[in-house]
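Protein chains: 2
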Amino acid sequence: MYLIGVLLLLLTASSAHAQNPDLIALANKFFKPLPDVIPAPPDNPTTPEKVALGKMLYYETRLSKGDEVSCSTCHNLSTGGVDNLPTSFGHLAQRGGRNAPTVLNAGLQIAQFWDGRAPSLEEQAKGPILNPVEMAMPSRDLAIQRLYYIPEYKDRFKKAFPEDKEPIIYDNIARAIASFERTLLTPSRFDKFLKGDAAALTANEKKGLELVIKTGCVTCHNGVGAGGGMYQKFGIYGHYEGSDDPGRFNVTHDEKDKFVFKVPMWRNVTRTAPYFNNGSVWDLKEAIRIMAKIQLNKELTNDEVDRIADFLHSLEGNPPQAAMTLPVLPASTPSTPPPDFTK
Amino acid sequence: MYLIGVLLLLLTASSAHAQNPDLIALANKFFKPLPDVIPAPPDNPTTPEKVALGKMLYYETRLSKGDEVSCSTCHNLSTGGVDNLPTSFGHLAQRGGRNAPTVLNAGLQIAQFWDGRAPSLEEQAKGPILNPVEMAMPSRDLAIQRLYYIPEYKDRFKKAFPEDKEPIIYDNIARAIASFERTLLTPSRFDKFLKGDAAALTANEKKGLELVIKTGCVTCHNGVGAGGGMYQKFGIYGHYEGSDDPGRFNVTHDEKDKFVFKVPMWRNVTRTAPYFNNGSVWDLKEAIRIMAKIQLNKELTNDEVDRIADFLHSLEGNPPQAAMTLPVLPASTPSTPPPDFTK
Numbered sequence: 004m005y006l007i008g009v010l011l012l013l014l015t016a017s018s019a020h021a022q023n024p025d026l027i028a029l030a031n032k033f034f035k036p037l038p039d040v041i042p043a044p045p046d047n048p049t050t051p052e053k054v055a056l057g058k059m060l061y062y063e064t065r066l067s068k069g070d071e072v073s074c075s076t077c078h079n080l081s082t083g084g085v086d087n088l089p090t091s092f093g094h095l096a097q098r099g100g101r102n103a104p105t106v107l108n109a110g111l112q113i114a115q116f117w118d119g120r121a122p123s124l125e126e127q128a129k130g131p132i133l134n135p136v137e138m139a140m141p142s143r144d145l146a147i148q149r150l151y152y153i154p155e156y157k158d159r160f161k162k163a164f165p166e167d168k169e170p171i172i173y174d175n176i177a178r179a180i181a182s183f184e185r186t187l188l189t190p191s192r193f194d195k196f197l198k199g200d201a202a203a204l205t206a207n208e209k210k211g212l213e214l215v216i217k218t219g220c221v222t223c224h225n226g227v228g229a230g231g232g233m234y235q236k237f238g239i240y241g242h243y244e245g246s247d248d249p250g251r252f253n254v255t256h257d258e259k260d261k262f263v264f265k266v267p268m269w270r271n272v273t274r275t276a277p278y279f280n281n282g283s284v285w286d287l288k289e290a291i292r293i294m295a296k297i298q299l300n301k302e303l304t305n306d307e308v309d310r311i312a313d314f315l316h317s318l319e320g321n322p323p324q325a326a327m328t329l330p331v332l333p334a335s336t337p338s339t340p341p342p343d344f345t346k
Numbered sequence: 004m005y006l007i008g009v010l011l012l013l014l015t016a017s018s019a020h021a022q023n024p025d026l027i028a029l030a031n032k033f034f035k036p037l038p039d040v041i042p043a044p045p046d047n048p049t050t051p052e053k054v055a056l057g058k059m060l061y062y063e064t065r066l067s068k069g070d071e072v073s074c075s076t077c078h079n080l081s082t083g084g085v086d087n088l089p090t091s092f093g094h095l096a097q098r099g100g101r102n103a104p105t106v107l108n109a110g111l112q113i114a115q116f117w118d119g120r121a122p123s124l125e126e127q128a129k130g131p132i133l134n135p136v137e138m139a140m141p142s143r144d145l146a147i148q149r150l151y152y153i154p155e156y157k158d159r160f161k162k163a164f165p166e167d168k169e170p171i172i173y174d175n176i177a178r179a180i181a182s183f184e185r186t187l188l189t190p191s192r193f194d195k196f197l198k199g200d201a202a203a204l205t206a207n208e209k210k211g212l213e214l215v216i217k218t219g220c221v222t223c224h225n226g227v228g229a230g231g232g233m234y235q236k237f238g239i240y241g242h243y244e245g246s247d248d249p250g251r252f253n254v255t256h257d258e259k260d261k262f263v264f265k266v267p268m269w270r271n272v273t274r275t276a277p278y279f280n281n282g283s284v285w286d287l288k289e290a291i292r293i294m295a296k297i298q299l300n301k302e303l304t305n306d307e308v309d310r311i312a313d314f315l316h317s318l319e320g321n322p323p324q325a326a327m328t329l330p331v332l333p334a335s336t337p338s339t340p341p342p343d344f345t346k
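Protein sequences appear in the order of chains A and B. 4 is the number of the first residue of the first sequence in this note's numbering; add one for each residue after it. 4 is the number of the first residue of the second sequence in this note's numbering; add one for each residue after it.
These aren't lab readings, by the way, just hints derived from the structure by calculation. There is no bait here: all hints are sound.
It does not matter which identical chain is used: a pair holds within one copy or between any two.
As a list, the in silico DSS-like pairs of lysine-lysine whose alpha-carbon atoms are at most 30 Å apart:
1. K195 <-> K217
2. K210 <-> K236
3. K129 <-> K259
4. K129 <-> K236
So that you can see chain A by itself, here it is in the shape it has in the complex:
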């Protein structure tokens, strides 16, 4: 009902000649600027000690079987929080089944992974470490052992989890990583625009913004992430031939969740090619065209596609400097279990 009201409003307000204050007001009906912090769950409040430890663990290849894969391998902060590969390389160059989603602003979403199978960043972080084609750890225990005999980790876990008698536990590894990931907010020019700075977007970007509203993209790509807030069927007007991934059906086993995925965020989408759940499309403009066709049954002109791509560039932003500074990781000790290069 609310959306229909807004769409009626839109019929009056939006046009190729919408005035800036109108467009800002209209945009605020669909989108929200980035918050200053991502709220943490009650059982894992963000602290500087956890963030610092989490950053170390984010780069910690010793959390992988062969000491060769870390969170950062697939979620590279230099490249939009992804690896720019169709699917990622894990232990011994095994390939995963889905395109790595961005870690940037990920904590703003309703859930994690393409199929939403993890309700929180904490739950998400526990997955890839044990996934046999990703970091491939044979057990939680080995992950703990890899850190346990390193004095600096002993000390840092103690400081990050001062109430725990034995702080180096698998759940705390995930908690620290999640705390670091909550710092990965990327303020953009579009946020400035939403907050009232009409000059933050170019004329072409504003045209693109009007188009994503008028075309209906904002039905799904909305809110603080411009996506990440709901699940939707991929291929409402015809199946997308590039993928047979049943998506969220694998989580719920509900027929109506077949080919349903979490709507990806638009934030930094210009940096996260290739696109879609299987990374099958390299060109952002082709992705825009396909989405309009199979989700909204609309054929966009080349000019419309160009303007929408222009607009999406206004959603680019970088994580804070502190997050972009590499940690110095402590050396292993003779008691640290060595890497295992078997599959």
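With chain A's structure known, arrange chain B on it following the hints.
The following block gives chain B in isolation, referenced to the frame of chain A:
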């Protein structure tokens, strides 16, 4: 002659009770503190533009065939400038033949690679990009093409090499990377000690310093890198059974270069396990014991090994903050050649 004079001096000066000023003076006979900058070759003067571009290229997986390996993959600044693996993983998880040497302070050495086959950082940087088991680029041309259609690289190469009509050339990729690498100096407590701060080392570290002098380790591990200044046979008193690598012989084809390698630097050696040209030894203390035995024919006591290991910790240092800050890499364009996942 000079060394004999110094060793005579040592007989008087060095003992378990050497006074601090004596030990500082003695240490300065063998070692040199880190310079403020690493001198650049005349044809590649260091500039801020080259350093910034070089940092981007250092993290650029698009310089590898499968868009999955960068300089940083094997020479990780978070972990002593290495990957802490016996041998590195390259394209499609292929393994190299030798342990990755540290990039930290690498420009201080007489030459690059274990066998010294590259005379400069510039020449070194050109190797792994084209090595079929490392970054596996099939041609210099593809490396150039991967960058050529990205407007930000066009602009940055132009600014870094303003006199070149076509600045995006293979040699300039290497020049920029080398310029960045020249910033990777890691000042340590030992440098403070050499400059006169007796309190910079602990009592045990000073004992270790006396031991490396007395035992003769400093015959090879000396100068500004505490190594990196000469070639030596690995296994002077008996062949090291862990390796049949002919070393520098492969470069010179001179029989007397069989099993000869560049002496590795001690700087950050505490962070760069596993040790030796094939990464066969994980424990620093075992490496110390083996080296004393096969290079100097000396059996060290456990206590002596412990003190030497203590001393080596005083050579730990971190690259400057600017080098530790990750670059933001520009997105590919539809004209950028995509990754190739074939061998």
